[in-house]
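Enquirer: Assemble the whole structure, with the sequences as input and the hints as a guide.
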Amino acid sequence: MTMLDLSQLDRIYLATGKTDLRKGIDGLVTVITEQFALDPYQSTLFLFCGSRKDRFKGLLWQKDGFLLLYKRFEDGRLQWPRNQAEMRQLQPAQLVRLLQGWSIDATIHDFDPAHLRLQQKNNVV
Numbered sequence: 001m002t003m004l005d006l007s008q009l010d011r012i013y014l015a016t017g018k019t020d021l022r023k024g025i026d027g028l029v030t031v032i033t034e035q036f037a038l039d040p041y042q043s044t045l046f047l048f049c050g051s052r053k054d055r056f057k058g059l060l061w062q063k064d065g066f067l068l069l070y071k072r073f074e075d076g077r078l079q080w081p082r083n084q085a086e087m088r089q090l091q092p093a094q095l096v097r098l099l100q101g102w103s104i105d106a107t108i109h110d111f112d113p114a115h116l117r118l119q120q121k122n123n124v125v
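Per the UniProt record's numbering, the sequence shown starts with residue 1, numbered consecutively.
Hints are not guaranteed to be accurate.
[Stated by the list, open to error] Listed below are the simulated PhoX-like cross-link pairs for lysine-lysine, each with C-alpha atoms no more than 25 Å apart in a straight line: (1) LYS23 / LYS63; (2) LYS23 / LYS71; (3) LYS57 / LYS71; (4) LYS71 / LYS18; (5) LYS23 / LYS57; (6) LYS57 / LYS18; (7) LYS71 / LYS53; (8) LYS53 / LYS23.
[Said to hold, decoys possible] Between beta-carbon pairs, the in silico distance windows are: (9) SER103 / GLY65: 10 to 20 Å; (10) ASP75 / ALA37: 34 to 44 Å; (11) ALA37 / LEU68: 29 to 39 Å; (12) VAL96 / ARG72: 12 to 22 Å.
No wet-lab data here; the hints were simulated from the structure. All C-beta atoms in this analysis are idealised placements derived from N, C-alpha and C, irrespective of residue type, glycine included.
Expert: The following block contains the structure:
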């Protein structure tokens, strides 16, 4: 059995939105080629998530055939982008974030220093 070495991948693609996870290898190859016009026979990991965010499938061509990955989380859910059906290229660090339950998009929340203004107004610093 070979381990999946992310450093050996040319690319990692994530299909945003929902994919029917009843599809097997041939069905996912069809999605890759027909819906996204990409070549599944490269050293590329393609990731798909269904309507439930607690599981996903991955498809990877290895020199002698396809490797189909399936992961189901017992606790927790994936932060899977649902905005539209597109293929989005990921960096290995983003894949790690996704698998840890974090969003692949780094977010910066607006900071409203209202409490600081209130402290200054009351001369409490």
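Enquirer: Determine for every hint whether it applies to the structure shown.
Expert: Consistency of the hints with the structure:
Distance restraint check for LYS23 and LYS63: the Cα-Cα separation of roughly 22 Å lies within the 25 Å cut-off, and the hinted pair is therefore satisfied. For a cut-off of 25 Å, the pair hint linking LYS23 to LYS71 stands: about 14 Å separates their Cα positions. For the proposed pair LYS57 and LYS71, the alpha carbon gap of about 7 Å is at most 25 Å, so the pair holds. Restraint check: the Cα-Cα separation between LYS71 and LYS18 comes to about 16 Å, which is no more than 25 Å; the hinted pair holds.
Proximity of LYS23 to LYS57 is assessed by CA-CA distance (about 10 Å); at most 25 Å being required, the pair is judged to hold. For a cut-off of 25 Å, the pair hint linking LYS57 to LYS18 stands: about 11 Å separates their Cα positions. For the proposed pair LYS71 and LYS53, the alpha carbon gap of about 11 Å is at most 25 Å, so the pair holds. Distance restraint check for LYS53 and LYS23: the Cα-Cα separation of roughly 16 Å lies within the 25 Å cut-off, and the hinted pair is therefore satisfied.
Here the CB-CB span from SER103 to GLY65 is close to 33 Å, at odds with the stated 10 to 20 Å. For the pair ASP75 and ALA37, the supplied restraint of 34 to 44 Å holds, since their beta-carbon distance comes to about 37 Å. Hint check: ALA37 to LEU68, Cβ distance near 21 Å, so the stated range 29 to 39 Å is violated. For VAL96 paired with ARG72, a C-beta distance near 18 Å keeps the hint of 12 to 22 Å intact.
Violated hints for the displayed structure, listed by number in ascending order: 9 and 11.
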